[in-house]
Amino acid sequence: MRQAGVEKPERETFEGALKTGRLALESLGLGPYEARERADVFRRFNIQMVEEMAMVENDTKARAAVYKRTSAMLSEIITEDREHLSLIQRHGWQGTEEGKHTGNMADEPETKPSS
73 MRQAGVEKPE RETFEGALKT GRLALESLGL GPYEARERAD VFRRFNIQMV
123 EEMAMVENDT KARAAVYKRT SAMLSEIITE DREHLSLIQR HGWQGTEEGK
173 HTGNMADEPE TKPSS
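Using my numbering, you'd call the opening residue of the sequence shown number 73 and step up by one each time.
These aren't lab readings, by the way, just hints derived from the structure by calculation.
Virtual Cβ for every residue (Gly too), placed ideally from N, Cα, C.
Don't take every hint at face value.
Unchecked claim - List of simulated lysine to aspartate or glutamate pairs, EDC-like, C-alpha gap at most 16 Å: (1) LYS91 x ASP112; (2) LYS91 x GLU109; (3) LYS140 x GLU155; (4) LYS140 x ASP112; (5) LYS140 x GLU124.
Stated by the list, open to error - Just the calculated beta-carbon pair ranges, DEER-fashion: (6) ARG154 x GLU84: 23 to 33 Å; (7) GLU152 x MET125: 18 to 28 Å; (8) GLY77 x MET125: 10 to 20 Å; (9) ARG141 x ARG115: 24 to 34 Å; (10) ARG83 x MET145: 11 to 21 Å; (11) SER99 x THR132: 36 to 46 Å; (12) LYS140 x TYR105: 28 to 38 Å; (13) VAL128 x GLY103: 19 to 29 Å; (14) GLU124 x SER99: 12 to 22 Å; (15) PRO104 x GLU84: 35 to 45 Å; (16) LEU100 x THR132: 37 to 47 Å.
My request is simple: use the sequences and hints to build the entire structure.
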């Protein structure tokens, strides 16, 4: 599409998948704002990968290197999200089951995401 002059292609299937993922995160306990942020992180990551792949479209080794690097980055993002969602499900949104922080440090989750 870029070779045909399209500067910002719309990928309906990709956007639909992001929306479905965002709604799934919300149903698992993530707040709407944070779920949207996670979808936006993934969108930006994907756009960056597509841009980098387009820059090396005729170089198989360079494309493989981009794929390996971005695949490792994506795995890291997914792992962090999984750990963060697990904390939310165990401790509530702000560290307690009710979702309200008591001010007691014992209510804090063991780790916090790096976002």
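Structure-based check of each hint:
1. The straight-line distance between the Cα atoms of LYS91 and ASP112 is roughly 10 Å, inside the 16 Å bound, and the hint therefore holds.
2. For the suggested pair LYS91 and GLU109, the alpha carbons sit about 12 Å apart, so the restraint of at most 16 Å is met.
3. The straight-line distance between the Cα atoms of LYS140 and GLU155 is roughly 23 Å, outside the 16 Å bound, and the hint therefore fails.
4. Annotation: proposed proximity of LYS140 to ASP112 is violated, straight-line Cα distance about 21 Å (limit 16 Å).
5. Proximity of LYS140 to GLU124 is assessed by CA-CA distance (about 12 Å); at most 16 Å being required, the pair is judged to hold.
6. Distance hint for ARG154 and GLU84: a CB-CB separation of about 27 Å, consistent with the stated range 23 to 33 Å.
7. Separation of GLU152 from MET125 is about 24 Å and conforms to the stated range, judged on CB atoms against 18 to 28 Å.
8. Judged by the Cβ atoms, the range 10 to 20 Å given for GLY77 and MET125 holds: they are separated by roughly 18 Å.
9. For ARG141 and ARG115, the hinted distance range of 24 to 34 Å is not satisfied, since their beta carbons lie about 18 Å from each other.
10. Here the CB-CB span from ARG83 to MET145 is close to 20 Å, well matched to the stated 11 to 21 Å.
11. At about 41 Å, the CB distance of SER99 to THR132 agrees with the hint of 36 to 46 Å.
12. Restraint check, LYS140 to TYR105: a C-beta distance of roughly 32 Å satisfies the suggested window 28 to 38 Å.
13. Checking the proposed 19 to 29 Å range against VAL128 and GLY103 shows it is violated: the Cβ atoms sit about 38 Å from each other.
14. One distance hint, 12 to 22 Å for the beta-carbon pair GLU124 and SER99, is violated here, with the actual separation near 33 Å.
15. For PRO104 paired with GLU84, a C-beta distance near 22 Å fails the hint of 35 to 45 Å.
16. One distance hint, 37 to 47 Å for the beta-carbon pair LEU100 and THR132, holds here, with the actual separation near 39 Å.
Violated hints, listed in ascending order, are 3, 4, 9, 13, 14 and 15; each of the other numbered hints is respected by the structure.
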